[in-house]
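Residue numbers (my numbering), protein chains in the order written: chain F, 126 to 526; chain E, 6 to 183; chain H, -10 to 445.
Fair warning: there could be bad hints in the mix.
Now the in silico label distances, taken between C-beta atoms and shown as ranges [said to hold, decoys possible]:
no. : chain 1 : residue 1 : chain 2 : residue 2 : range
1   : E       : Tyr88     : F       : Arg251    : 38 to 48 Å
2   : E       : Gln37     : H       : Ile412    : 53 to 63 Å
3   : F       : Val435    : H       : Tyr138    : 32 to 42 Å
4   : H       : Leu33     : E       : Tyr88     : 49 to 59 Å
5   : H       : Leu329    : F       : Val141    : 52 to 62 Å
6   : E       : Tyr88     : F       : Trp427    : 29 to 39 Å
7   : H       : Val443    : F       : Gly420    : 57 to 67 Å
8   : E       : Gln37     : H       : Leu33     : 57 to 67 Å
9   : H       : Ser150    : F       : Val438    : 53 to 63 Å
10  : F       : Asn265    : E       : Leu70     : 39 to 49 Å
11  : F       : Val438    : H       : Tyr138    : 26 to 36 Å
Restricting the straight-line Cα-Cα distance to at most 25 Å, the calculated cross-link-like pairs of lysine to any residue (SDA-like) are [unchecked claim]:
no. : chain 1 : residue 1 : chain 2 : residue 2
12  : E       : Lys147    : H       : Lys355
13  : E       : Lys147    : H       : Ala441
14  : F       : Lys304    : H       : Gln289
15  : H       : Lys355    : F       : Asn301
Simulated from the structure, these hints should not be mistaken for lab results. By construction, the Cβ of each residue, glycine as well, lies at the ideal position given by its N, Cα and C atoms.
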Amino acid sequence: MSAARANQLDTMAPPVARIIQSRSLVIGLIFAAISIIGGFLRPDEFFRGYLLAYMDWLGVTLGSMVILMIRHLTGGGWGTVIRRILGAAMRCVPLMTILFVPILFGLPRLYVWARPLDSMADKHLREHLQEITKSYLSVNGFIVRAAIYFAIWNLLSFFLTKWSREQDQPPVRDNNRFKVLSGPGLILYAFTVTFAAIDWVMSIDPSWISTIYGLVILIGQLLSAMCFAIVVERILVKYKPMSDWLKPEFVHDHGKWMLTFIMVWAYFSFSQWLIIWAGNLPDEITWYMRRLNDGWGFVGLWLVVFHFAVPFVILLSRPFKRDINRMAWLAVWMLFMRYLDLLWNIEPNFSPTFAITWADVVVSIAVGGLWMWFFFRNLNSMPLLPVHDVDANEVLEPAHG
Amino acid sequence: MKRAPIYGTMAEFDSPTALVAAAHRTHEAGYQKVDAYSPFPIEGLAEAVGFHKNRVPLVTLIGGLIGGLSGYLLQYWVSTSSYPVNVGGKPYHSWPAFIIVTFEMTILFAGISAVFGMLALNGLPMPYHPVFNVPRFAFATKDRFFLIVFASDPKYSPAETRRFLESLGGRAISEVPD
Amino acid sequence: MDERIEHAEGARAPVIEPGYTFGTVTDKISSIVLTRPMSNGWFLGFGVAFLLTMMMLYAMAYLFVKGVGIWGVTIPIGWGFAIINFVWWIGIGHAGTLISAILLLLRQSWRNSINRFAEAMTLFAVSAAGIFPLIHVGRPWLAYWLFPYPNSMGVWPQFRSPLIWDVFAVSTYATISLLFWFVGLIPDLATLRDRSTNRGAKIIYGILAMGWRGSARHWDRYETAYLLLAGLATPLVLSVHTVVSFDFAVGIVPGWHTTIFPPYFVAGAIYSGFAMVLMLAIPIRKLYGLEDFITELHLQNAAKVMLATGLIVGYGYVIEAFMGWYSGNRYDAFTLWNRLHGPYRWEYYALLMCNIVIPQVLWIRKLRSRPIALFFVSLVVLVGMWLERFIIVVVSLHRDFLTSSWGMYYPTRWDWMTYIGTIGMFLAAMFLFVRLLPMISIFEMRTLLPEAEVKE
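Working from the sequences, and respecting the hints, build out all of it.
This is the structure in structure tokens:
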């Protein structure tokens, strides 16, 4: 153990991470080029696809930050072993900040409130917008609020990273500062992501209101992040040092988190649906009418079965949760389901009948490629474990029996 | 049922570690009808006395399925055919509304099945049991650990088994009258 | 200082003070039931609680004679104290299940010293809660009509109503809580059977223990069943307050019809429940000398859970208020305005003080280890959560869509007598419980001792 501590090289990510890093960049750049060309030819479709891709990858980024902060508060080997994976994903916040800029160029194409009100045919909507665009849903307000969200996320990511980096050089300070930041950090995250969800997704349909919507997006982000961490740990576990560290108990705990997030996602989604269905008010139920008819209903049913029911039943199995290979397959599937869930949330605003455009696919791959490149770059820049931290002992000690 | 005058031979141990070790060695020595008693659950003890088939999860699953199915079907039948009422223009078969009761019935039946299934499989309640005839056995619910080899075991012989249990370090060895 | 932090924060801190053996743990907990003489304080406390219970029975008897007209409920406020107190009590019960089930699944061993009395608290709280809808139906002797059963009238419950969901949720919750509590008690009842010197007590405990003898096979099935029950109770407890929130949210009354209600109600329930756990645990550990088992760690952790759930409740307030404004819906906006400026504004300000402002002192670590301060913060939270239900029920109903149907709500003395009476009933049951049954799970405490580990 002391040898591992002395030799920093042993704790770095394996060479495969560099290979994935460069290949991701190539894929990202190629698809980004196609996206940009497509963006000039078909700007409406491009921006819709871009918003979808952006929300999807933002989920992995911010969700990782949250799971990291939960780990700082509760401790536990399950979190220590993926701590640097989560950290590398969290450090994609600056990338996501830059990638937010293109959305600003498509505001009128995405958001009805950013268009001139005179062009509005629906009288009720126009009256409603006259009020709200003056006070809240204005372009300037949108930009200022986004700047606040990004400032908070970047600051949290900056300090968590800085302190984590300091732990690689002994002597290591106590972990209390992580806790002191993580408690308020979780509160800040909950509020910022809620208002971001309202601004960026819910306001596409400005007459629709759901107070739980922020939490629906929030839990989706946590699920995305946990699934992504499981996929990465599956890639790394084939090589040292992760092969020495990742114990079945940790994978089991990751599976429990995944199960929990899936159940909470279903709980929030069902609660929202039942309350709106029972109330049956015209403002609210129209949101579901669009999503349960004309082909979108099939996507909704698919989500019920494959975003909740099937993974839920599978994850009840204890042997499954302890098997990293099978868990990784489910995690990949769930990442796809997260994409589909966001598609089902965003796209029906624009297309009443079921439609997936070229942009929904291409732009997601473009953003994903760039994101993965940045992620593996981050992962390679730091050891996979802060070995001098007392918490690391739980991971470093050999598995018994 | 054959009524043997002796139910088995019981030995007392000081610690969970000693009990688990003794149970393992008894099993290895070829005894099959063995049981152990402890004041709290000890990991690995059930395997050590040769217990593998735990059917409680199965019973619970079946109970839960019955509960959920009957809950949904009851609501479906009541709301669509036995007593259909128009409420707020909602369809008779209002599946979103039926999920709640279905869920509660699943939990209720699964929980009841888990508890009563566990009790039934354990053969409880059982007001009389021969092991209670051993006076020291009252400490099995406090701080003592017991191992018994049943007389029905093919390898059982009062003298031989007593010697064997003594060799394991068991104390206060006694024949349990039936 | 830093070492203290590590102690309080990490799971490595001892949940039980060192120096105990299987025997002394058993003796210490069971002696409270078996040998400790009844103190005057116990008689006094029980006596007061018993008198309050009598007062509740009196108020209920008068209610049965006169009808619900003796209460303050009248149109437009058809749901007054009955529903407020029902939700309050049910919420309090949630902490018991949370401690016994969720913390068991999370392998939090500190739960072992508080789960038994927290579960008892759940049972008594659910019983107190159950009284209110029963006496509110007007003809409580016909309350069995709530359940679906074939009858000569040919009628069935209406399954699209959240009120029938409540019947199923609460009765399932009561049943599963009782089973969970009883299953947990079986090995300890066997201990009491074997320890007791009084023949009558021996027989009673013996019947209740059902012949438990601690066989390895039994333990194996027992633990499986216990874990399964925990796994079932966890979604159940979340569903119960969710269904309670549906009672409000599926209607279209402004201030009720909002999708955040389910998680927000659940968080509020756990919030008030942990406050009640602390209010009970702090005096009990002092009076019965159980500081070695219910340690500072337990107080710290319970306070942290309170802080976290309180913040979720705060999140609910903020989002509700924001959306009331953002929606541009004039009725939602008016509900918000009415809470801040209407006739019940002082209750609303008190609610914000009790639930949001004052509990922020729990951020201070030193305060979390002061039992007396925690006791008072918990009291404040319990008052605040009661006020929250008052605001939700009364403020939304007293000013709805039509100004012609506006009104005010004034609880009568019968309302207060019933409410305070249920507190007395709850406390009387707790007093009896601590004397008749082991209030800490003895067998689970044994497993916490270092010597319980099997060494290879």
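Status of each hint after checking the structure:
no.: 1; hint: Tyr88/E / Arg251/F: 38 to 48 Å; result: 46 Å, holds
no.: 2; hint: Gln37/E / Ile412/H: 53 to 63 Å; result: 58 Å, holds
no.: 3; hint: Val435/F / Tyr138/H: 32 to 42 Å; result: 36 Å, holds
no.: 4; hint: Leu33/H / Tyr88/E: 49 to 59 Å; result: 54 Å, holds
no.: 5; hint: Leu329/H / Val141/F: 52 to 62 Å; result: 59 Å, holds
no.: 6; hint: Tyr88/E / Trp427/F: 29 to 39 Å; result: 34 Å, holds
no.: 7; hint: Val443/H / Gly420/F: 57 to 67 Å; result: 59 Å, holds
no.: 8; hint: Gln37/E / Leu33/H: 57 to 67 Å; result: 59 Å, holds
no.: 9; hint: Ser150/H / Val438/F: 53 to 63 Å; result: 30 Å, violated
no.: 10; hint: Asn265/F / Leu70/E: 39 to 49 Å; result: 57 Å, violated
no.: 11; hint: Val438/F / Tyr138/H: 26 to 36 Å; result: 33 Å, holds
no.: 12; hint: Lys147/E / Lys355/H; result: 38 Å, violated
no.: 13; hint: Lys147/E / Ala441/H; result: 13 Å, holds
no.: 14; hint: Lys304/F / Gln289/H; result: 15 Å, holds
no.: 15; hint: Lys355/H / Asn301/F; result: 15 Å, holds
The earlier numbered hints that this structure contradicts are 9, 10, 12.
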